[in-house]
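K.L.:
If you read the protein sequences in the order shown, they are chains U and A.
The first sequence runs 40 to 554 under my numbering.
The second sequence runs 112 to 433 under my numbering.
FYI, nobody ran anything at the bench for these hints, they're computed from the structure.
Possibly wrong hints are sitting among the right ones.
The calculated lysine-lysine pairs, modelled on DSS-like cross-linking and capped at a C-alpha distance of 25 Å, are [to be verified]:
#1 K191/U with K423/A
#2 K423/A with K311/U
#3 K67/U with K431/A
#4 K363/A with K157/U
#5 K431/A with K115/U
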Amino acid sequence: MTASTLDPTPAIELVGIDKRFGAVHANKNIHLSVAKGSIHGIIGENGAGKSTLMSILYGFYHADSGQILVDGKDLKITDSQTAIRAGIGMVHQHFMLVENFSVLENVMLGVEGGVLLKGGETAVRGALQQIEREYGLDVDPDAIIEELPVGKQQRVEILKALYRGAEVLILDEPTGVLTPAEADHLFKMLAQLKAQGKTVILITHKLREIMAITDTVSVMRRGEMVATRKTAETTMAELAELMVGRRVLLRVEKGEAKPGPVVLSVENLTVKDGRGVTMVDNVSFEVRAGEIVGIAGVAGNGQSELLEAIAGIRKASSGRIVMNGEPVDRNGRIDPALLRKKGLAHVPEDRHHMGLVLSFEENENSILGYQDDPKYLKGPFLNIDAIRKDAIEKIEKYDIRPADPRLKTANFSGGNQQKIVLAREIERDPACLLVGQPTRGVDIGAIEFIHKRLVSLRDEGKAILLVSVELDEIRSLSDRILVMFAGTIVGEPAAHADEQEIGLMMAGIGREAAE
Amino acid sequence: MDFADLIQILAATVRLSVPLIFTALAGLYAERSGIFDIGLEGKMLFSAFSAASVATVTGSAWLGLFAGILTGVLLSLLHGFASITQRGNQIISGVAINFIASGLTILLGNAWFGQGGRTPQLPNTARFTEITLPFAADIAPIPFIGPLYSGLISGQNILVYLAFLAVPFTWWVLYRTRFGLRVRAVGENPGAVDTAGISVAWLRYRALICCGILAGFAGTYLSIAQSAGFIREMSAGKGYIALAALVFAKWKPLNVLLTCLLFGFLDAASIRLQGIIIPGFGEVPVQLIQALPYILTVILLAGFIGKAIPPKAGGVPYVKER
Numbered sequence: 040m041t042a043s044t045l046d047p048t049p050a051i052e053l054v055g056i057d058k059r060f061g062a063v064h065a066n067k068n069i070h071l072s073v074a075k076g077s078i079h080g081i082i083g084e085n086g087a088g089k090s091t092l093m094s095i096l097y098g099f100y101h102a103d104s105g106q107i108l109v110d111g112k113d114l115k116i117t118d119s120q121t122a123i124r125a126g127i128g129m130v131h132q133h134f135m136l137v138e139n140f141s142v143l144e145n146v147m148l149g150v151e152g153g154v155l156l157k158g159g160e161t162a163v164r165g166a167l168q169q170i171e172r173e174y175g176l177d178v179d180p181d182a183i184i185e186e187l188p189v190g191k192q193q194r195v196e197i198l199k200a201l202y203r204g205a206e207v208l209i210l211d212e213p214t215g216v217l218t219p220a221e222a223d224h225l226f227k228m229l230a231q232l233k234a235q236g237k238t239v240i241l242i243t244h245k246l247r248e249i250m251a252i253t254d255t256v257s258v259m260r261r262g263e264m265v266a267t268r269k270t271a272e273t274t275m276a277e278l279a280e281l282m283v284g285r286r287v288l289l290r291v292e293k294g295e296a297k298p299g300p301v302v303l304s305v306e307n308l309t310v311k312d313g314r315g316v317t318m319v320d321n322v323s324f325e326v327r328a329g330e331i332v333g334i335a336g337v338a339g340n341g342q343s344e345l346l347e348a349i350a351g352i353r354k355a356s357s358g359r360i361v362m363n364g365e366p367v368d369r370n371g372r373i374d375p376a377l378l379r380k381k382g383l384a385h386v387p388e389d390r391h392h393m394g395l396v397l398s399f400e401e402n403e404n405s406i407l408g409y410q411d412d413p414k415y416l417k418g419p420f421l422n423i424d425a426i427r428k429d430a431i432e433k434i435e436k437y438d439i440r441p442a443d444p445r446l447k448t449a450n451f452s453g454g455n456q457q458k459i460v461l462a463r464e465i466e467r468d469p470a471c472l473l474v475g476q477p478t479r480g481v482d483i484g485a486i487e488f489i490h491k492r493l494v495s496l497r498d499e500g501k502a503i504l505l506v507s508v509e510l511d512e513i514r515s516l517s518d519r520i521l522v523m524f525a526g527t528i529v530g531e532p533a534a535h536a537d538e539q540e541i542g543l544m545m546a547g548i549g550r551e552a553a554e
Numbered sequence: 112m113d114f115a116d117l118i119q120i121l122a123a124t125v126r127l128s129v130p131l132i133f134t135a136l137a138g139l140y141a142e143r144s145g146i147f148d149i150g151l152e153g154k155m156l157f158s159a160f161s162a163a164s165v166a167t168v169t170g171s172a173w174l175g176l177f178a179g180i181l182t183g184v185l186l187s188l189l190h191g192f193a194s195i196t197q198r199g200n201q202i203i204s205g206v207a208i209n210f211i212a213s214g215l216t217i218l219l220g221n222a223w224f225g226q227g228g229r230t231p232q233l234p235n236t237a238r239f240t241e242i243t244l245p246f247a248a249d250i251a252p253i254p255f256i257g258p259l260y261s262g263l264i265s266g267q268n269i270l271v272y273l274a275f276l277a278v279p280f281t282w283w284v285l286y287r288t289r290f291g292l293r294v295r296a297v298g299e300n301p302g303a304v305d306t307a308g309i310s311v312a313w314l315r316y317r318a319l320i321c322c323g324i325l326a327g328f329a330g331t332y333l334s335i336a337q338s339a340g341f342i343r344e345m346s347a348g349k350g351y352i353a354l355a356a357l358v359f360a361k362w363k364p365l366n367v368l369l370t371c372l373l374f375g376f377l378d379a380a381s382i383r384l385q386g387i388i389i390p391g392f393g394e395v396p397v398q399l400i401q402a403l404p405y406i407l408t409v410i411l412l413a414g415f416i417g418k419a420i421p422p423k424a425g426g427v428p429y430v431k432e433r
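The whole structure should be built from the sequences, with the hints applied where relevant.
P.N.:
Spelled out as structure tokens, the structure:
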């Protein structure tokens with residue numbers, strides 16, 4: 040396309056979009072301009088607010104404030120119907136398809152063209168054939184969705200949008216579920232759409248995709264739009280740095296590690312998710328007594344699944360986990376309770392869903408998972424007095440505020456909730472501690488406390504496996520760093536490695552490739 | 112047992128399966144849209160009461176039917192308000208409706224008519240009575256076809272014919288209309304409906320209104336077609352059997368018809384076999400036959416007869432994912 044045919048009015052313009060979900064500030068005053076007929080990438084870590092922003096554009100959520108301009112005209116997008124009429128189509132990360140419907144039925148849902156289906160079916164069939172000819176999207180209209188491979192299901196989503204007359208197509212993490220060949224095919228399709236004059240917005244956390252296909256790229260971090268660059272004028276390294284960001288360094292005072300014998304050893308572990316996509320691919324490593332091993336990586340590269348598999352929450356499809364020289368059977372049933380008895384404690388990444396029962400009182404949460412311990416029991420009943428006394432001890436030791444063991448856990452701040460979980464797990468005196476995102480959503484003061492506690496635990500000779508998306512946290516706490524990318528451990532940078540070097544590894548590029 | 116007996120059993124089967132057909136179809140609309148409706152029993156009971164009361168007061172069966180339908184729809188909207196708008200638990204809401212119906216019908220009936228919860232005996236003019244189809248008397252002497260036509264097909268009331276018409280009509284709505292497509296979609300994946308720009312809540316409310324209308328027909332049939340007045344607890348668990356039939360029919364309209372006929376037949380047979388002694392076996396255990404619909408449904412659910420897969424989004428209030 041030559042410069043003269045470019046329409047100067049942006050296809051989409053977002054002005055000052057702001058959105059909160061309760062305490063979470065998902066989008067902070069976002070400005071974005073997408074040029075007509077271009078492929079615009081939006082990159083950022085999981086939870087950076089990309090999907091929320093696009094859902095607002097598609098009318099799925101309402102922005103608290105801000106303005107949306109489509110083709111230069113101010114548009115109040117109150118629901119998806121308005122967005123569709125304005126020519127915006129979206130392919131969601133989790134497909135919005137009715138699985139026991141045919142392709143035809145899915146495409147026509149919402150645009151049936153009349154009270155009866157008959158007329159609409161004929162129209163859709165005709166239009167599908169035409170779209171297929173134009174864009175090379177071959178899908179059998181009578182195939183049932185659940186019998187189609189994921190790549191084809193995605194094509195149906197694209198067909199749906201095109202049939203509704205989409206001029207702007209938003210794709211949310213489209214390659215997450217695709218094989219490399221399917222992803223290549225998708226990119227060819229997107230290039231073709233662009234050639235036809237359509238505008239494509241591609242949301243992803245994969246740098247390679249951005250470099251391969253986009254014209255412009257915008258970077259989001261923690262709800263903010265931090266930068267917009269012409270793809271040709273930027274590098275993967277710059278983008279990686281923008282994505283992960285620099286935070287005020289909170290240096291932790293710690294001495295040399297004195298690693299002892301191996302406590303936890305992971306051998307050739309492979310984990311698949313519910314859809315059969317490999318999330319952890321043949322990973323092996325060891326954690327010794329008296330050291331903190333940090334796993335760095337852009338969120339969504341398999342760290343969560345790795346942690347959950349070791350904790351016994353998620354089933355591994357192959358591989359072995361050995362604790363203190365004793366193998367834990369991965370193929371049979373894994374019992375997290377048994378692992379705990381063997382001295383493996385787990386501070387899960389998501390304290391609200393896995394770490395705590397928010398409607399319980401603080402003292403109940405402070406023994407959760409250890410309620411069978413005789414010291415909390417009086418015959419077959421819970422020993423309420425002992426539990427409360429125990430809770431008060433932990434509250435004092437971990438400075439949990441407010442110091443009220445009877446308070447509902449939901450009424451504590453994020454940092455104090457995290458301390459409740461940490462106190463519970465650490466005070467069991469575990470041989471090995473798994474910690475996921477220990478300071479996510481935690482205020483500065485609590486971060487410092489938590490970091491110090493982890494280091495002193497290390498000095499007591501415990502093995503600690505730390506998973507965090509905060510690179511600073513990994514760098515300041517870990518004695519050894521492992522970098523995960525696309526389900527594998529891609530490297531073990533030296534402890535003194537600089538941020539940029541680790542950032543490159545996190546983006547899946549070796550040093551040589553970047554230069 | 113001769114042919115005349117068989118015709119009699121079949122005629123009883125038809126009469127007994129009609130409330131099941133209406134109610135199971137009512138449940139089909141609700142559950143296909145993703146709303147479990149255990150309150151079918153209560154809707155049927157309350158509709159039966161309203162129909163009988165209004166028919167008593169006005170002397171019109173048609174006004175009775177209207178009242179029955181209105182009651183069914185209002186109870187459905189109550190269920191919808193609790194489970195769609197307020198995102199409450201659908202089972203609890205349904206059970207509550209059953210309790211309300213069970214208690215209020217007796218209370219109101221006693222207050223209004225003073226007959227211990229019954230409504231007064233209705234004259235035939237205020238009921239739906241048997242319709243004799245043309246030529247029934249002429250064809251009757253012809254062997255086989257005669258009794259079949261005059262004894263089974265002819266001589267039913269209008270609601271019986273409507274019940275059998277409601278089955279193909281429901282099939283047509285479900286598979287041939289826009290509304291049906293959307294109802295089927297919203298019970299499977301409300302997200303797909305929402306992102307297609309269709310209101311999930313309004314769609315489910317409309318499905319529940321359909322459910323209420325059909326439950327109203329079922330109740331009306333009980334009190335002013337099959338009987339001549341309302342009797343306390345006259346639905347007698349038919350709402351639950353209809354639910355079982357719906358599961359047994361795998362939520363498909365034509366299967367619903369066959370299943371309801373089967374369950375109706377079992378009911379008819381158990382009445383017929385009451386007190387009959389089989390040589391060498393003893394008295395026929397009627398309770399066992401009456402329990403068969405439930406037993407069959409449990410066997411089905413356990414996976415022995417094919418597989419019954421309920422609508423995927425059933426029972427889950429729709430909240431946009433975050």
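K.L.:
Of the hints stated earlier, which fail here?
P.N.:
none
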